[in-house]
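For the sequence shown, our numbering gives the first residue as 1, with consecutive numbering after it.
No wet-lab data here; the hints were simulated from the structure. Note that the coordinates shown come from a computational prediction; the quantities given were computed from them, not determined experimentally. A hint or two may mislead.
[Stated by the list, open to error] Pairwise CB distance ranges (calculated):
#: 1; residue 1: A271; residue 2: P45; range: 25 to 31 Å
#: 2; residue 1: A225; residue 2: D135; range: 42 to 48 Å
#: 3; residue 1: E279; residue 2: A233; range: 18 to 24 Å
#: 4; residue 1: Y199; residue 2: K116; range: 51 to 57 Å
#: 5; residue 1: G261; residue 2: R158; range: 53 to 59 Å
#: 6; residue 1: Q189; residue 2: G242; range: 54 to 60 Å
#: 7; residue 1: K116; residue 2: D3; range: 31 to 37 Å
#: 8; residue 1: E92; residue 2: E279; range: 54 to 60 Å
#: 9; residue 1: E201; residue 2: V107; range: 51 to 57 Å
#: 10; residue 1: G242; residue 2: K292; range: 17 to 23 Å
#: 11; residue 1: L111; residue 2: G29; range: 31 to 37 Å
Cβ atoms here follow ideal geometry from the backbone N, Cα and C, with glycine treated the same way.
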Amino acid sequence: MSDAAIRIEGLTKTYAAGRGAPEKHALAGIDLTVPRGSVFGLLGPNGAGKSTLINILAGLVVKTSGSVTIWGFDQDRNPRQSRASIGVMPQELNLDPFFTPRGALEVQAGLYGVPKSQRRSDEILEMIGLSDKADAYARTLSGGMRRRLLLGKALVHRPHVLVLDEPTAGVDIELRQMLWANVRKLNEQGMTIILTTHYLEEAQEMCDEIAIINQGRLVAQDSTANLLGRLDARAMVIHPDGPVTSEPRGAGITCQRRQDGALVLHYRSSATSAEAVLEAVRAAGIRIRDVKTEEADLQDVFLALTSSKGQAAPVT
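Whenever a hint applies, use it, and build me the whole structure from the sequences.
Shown next as structure tokens:
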């Protein structure tokens, strides 16, 4: 067996032209490998092609060309096995309002051909915190409870790969913490997790590896640590102890004044040391009341790779 939970090669998806509009190239030759047992982040701006990619993995959208292998099963040669290997928690709340949570899980398990003796609806309901709502109609559940039920439905057939599409969009802190606790538990049990989210701090904290898609192309794939290391930008925040009459100056240092009176000094650690920045502050006659440094985060990397005048940045 391969070490890859998912292997994608040359994946393209082109939507036909209509009413004078040109063809839409949603995916333009994606090559992507998701390691087994990882928590993998799939990031990109709106319209980048993430949803199209997820729908192809789930078997909901037919690709134009390329190959997709899920848990060793080629999607074209073994469609049933590949689909059985993946579970998707969608972003949209697509629940039947007249089913109870237990009923929804039972029906979902039946659709996947799970024998009644092997179904674990009550176990899943307990994990997602809906045991006390097991027999309530789905229409009576809160938005957060419905989102938990979506997670439960994605787990009924014991998939090897779980895709979470914007799982924390619009949810409260308690639900977010419960969700991430469940994700960590499932991952520790060997399940591969693919996460799409616009909350980049979540991706930075949760993901072992991250891929960034822009305009249907893969612009980066690396470990989270290596991606963060691509930008050596630093910021030193100085809270002066007294009025500032002149700004610090020095090679590679740019100064920005905040409304609270703090000075934010931007520099690159590969060219300028923190000591050189502090010397520039002292040379400007600024007394320091407090100081801290800030490193580039995933948001900085994301913007650097996706905001270059609308053009996709190359993979490096």
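Results of checking the hints against the structure:
1. A271 - P45: 25 to 31 Å: 30 Å, holds
2. A225 - D135: 42 to 48 Å: Once the Cβ atoms are compared, 46 Å apart, the range 42 to 48 Å for D135 and A225 holds.
3. E279 - A233: 18 to 24 Å: Distance hint for E279, A233 holds at roughly 20 Å.
4. Y199 - K116: 51 to 57 Å: 38 Å, violated
5. G261 - R158: 53 to 59 Å: Hint holds: Cβ distance 57 Å, inside 53 to 59 Å.
6. Q189 - G242: 54 to 60 Å: Given about 57 Å between the Cβ atoms, the range holds.
7. K116 - D3: 31 to 37 Å: 35 Å, holds
8. E92 - E279: 54 to 60 Å: At 55 Å between Cβs, range holds.
9. E201 - V107: 51 to 57 Å: 36 Å, violated
10. G242 - K292: 17 to 23 Å: Given range 17 to 23 Å: holds, Cβ gap about 19 Å.
11. L111 - G29: 31 to 37 Å: 33 Å Cβ-Cβ, so the 31 to 37 Å window holds.
In this structure, the hints that do not hold are numbers 4, 9, in rising order.
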